[in-house]
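With chain A's structure known, arrange chain B on it following the hints.
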Amino acid sequence: MCVFAAGRNVSVDGKSEQEDQSTRSLMADISKLTELCAQVRRDIVRMVFNVQSGHPGGSLGCTEFFVALYGNVLKHSAKPFRMEGRNQDLFFLSNGHISPVWYSVLARSGYFPVSELNTFRKINSRLQGHPATHEGLPGVRVASGSLGQGMSVAIGAALSKRLNDDRRWVFCLTGDGELEEGQCWEAIMFAAHHKVDNLIVTVDWNGQQIDGPTDQVMSLGNLPAKWKAFGWDVLILEKGNDLEAVIAMLRRAKRRCGKGKPVVILMKTEMGYGVDFMQGTHKWHGKAPNQEQFDSAMKQLPETALGDF
Amino acid sequence: MLKDIVSTGTRATREGFGAGLLELGRQNPKVVGLTADLMESLQMQHFQKEFPERFFQCGIAEANMMGIAAGLATAGMIPYTGTFANFSTGRVYDQIRQSIAYSHKNVKICASHAGLTLGEDGATHQILEDLGLMRMLPGMVVINPCDFNQTKAATIAIAEHDGPVYLRFGRPSWPIFTPENQKFRIGKALQLASGKDVSIFATGHLVWTSIEAAKELAAQGVSCEVINIHTIKPLDEEAILDSVSKTRAVVVAEEHQRNGGLGDAIANLLVHRLPVPMEYVGVKDSFGESGKPVELLDKYGLSKKDVLWAVKDVLDRK
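Each protein sequence line maps, in turn, to chains A and B.
Last residue of the first sequence? That's 625 in this note's numbering, and every number before it is there in order.
Last residue of the second sequence? That's 447 in this note's numbering, and every number before it is there in order.
Just chain A, with the same shape it has in the complex:
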């Protein structure tokens, strides 16, 4: 099993509290986390190729986000993993179809053996096609995949933290196409009304969905203005595939919390980032590469010192 940055970011002893405010070790982290990004991308493509199914596009696009979150931003505990996560930061993935990137990062953060990535989408696996709690996979707190539900769940968890005087944050990632689900706007309205200001939602703003670009399928219009009009503190991240920029933005978002408004990061990413033929198109939303394409992808994503699963 490979655990990156062990003992520093994965902490339950409260020492990481200081590090929240500190950028002291950030630069040392960056090279490790950059290597991790490379390995996670390789994991994603290998997992999807293995079973000839899954969602590589959004997974590749959100690699920096997951690595930044688990590797630098979250205060979390892989072992023991506790469902309630008292005095820890919680993360909810609403667009559950990008499970490959989450599974890879969870495994490489020590939540379960990296070798288990081999079981993705296979029978008797804990790594279901879409994330689930049913098989007891550590790190997952609610099933997701049927879109539009994760933000509501994250808000509930944030309310629970508030009731328990737990000062940690709740994070949620949602797709941009997912915002077409009405429940999202119910949640957005609720969070502003109830001043849920320990919540940081990130939108994977890649402009793509299964049937094509969001502008063609269902225009999202002026997304920043919509969130602002609903009463949120809106941050825009232009470089969602730049690891340092993602870390800086997540840290900034934490500082913006506690001021009576929920915080959203509209994070521009490129679907399929890192594999040239998958990049910037909706066509690799939920498709597995064939052997030739896989070989080409592997050439672009060489193995790292972290090693394959």
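Don't read these hints as lab results, they were simulated from the structure.
Since the structure is predicted, the reported quantities are computational estimates derived from the model, not experimental observations.
Idealized CB from N, CA, C, for every residue including glycine.
As a list, the in silico DSS-like pairs of lysine-lysine whose alpha-carbon atoms are at most 27 Å apart:
#1 Lys178(B) x Lys511(A)
#2 Lys159(B) x Lys577(A)
#3 Lys317(B) x Lys375(B)
In silico negatives: residues of chain A with every beta carbon more than 12 Å from chain B:
#4 Asn366
#5 Gln595
#6 Thr620
Below, chain B without anything else, positioned relative to chain A:
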């Protein structure tokens, strides 16, 4: 004894929910309430007044309410959601399925105004499919108590169960005939009257209707065993089989479609274990309509005379 079962007054089962939630709130600081703009209809204002910080108004947004409840449960609270049965089930089925049932969240889905006895609002609000929808979900506990006292007791008891529960109750004032401050046991059927000719299994409002029918039948020399199946899932199979092995004839009475409700749950058990003549008292594949509760129960085949007819029918086929 059947003749000893008398009504001590009338109150709505939803009032029993409101009273139970308040009492539970005082006992258990983890209990939180949520509503989707129907606080007073669900009688949750008592809880809200005493525990404002533990009560969340969600507005007219039931899907979000179910997700928020799942999140509250994830982080250790025991959320009770309150809206009409229609909006507690069909409207939010996918949210319940994925975020609550499949994720095994400790959410109590509390549903009022179920069935025809919602009355004048009509079929848009009279859900008759909710028991079926909820009992099909793996791991979901489904409860339909019969009067004020039992609803209050059930509201308190379900907090002790770790997992999702669907608690169904209703709008109208209804006879109270079970004991005050009773202990409610999930999944434990209650025999109200012992008999030898026919087993009447009833749930919700139709328990009282069945008692009245059984009294009339007793005067005619028919001995009915009346059993209150307040928990539709998990079903008390032992109690049902014990009774049926004695009477060899079954009537099931519920304020629900014949499809998918308690009748089907019992038929499913008996067809495998003990097939006997059986009759349903339930709505025959139809939507309801506006009207007074009693008029509607009469028109849609859920009245005392329908229980009498069903008993005669199964006795003829015995």
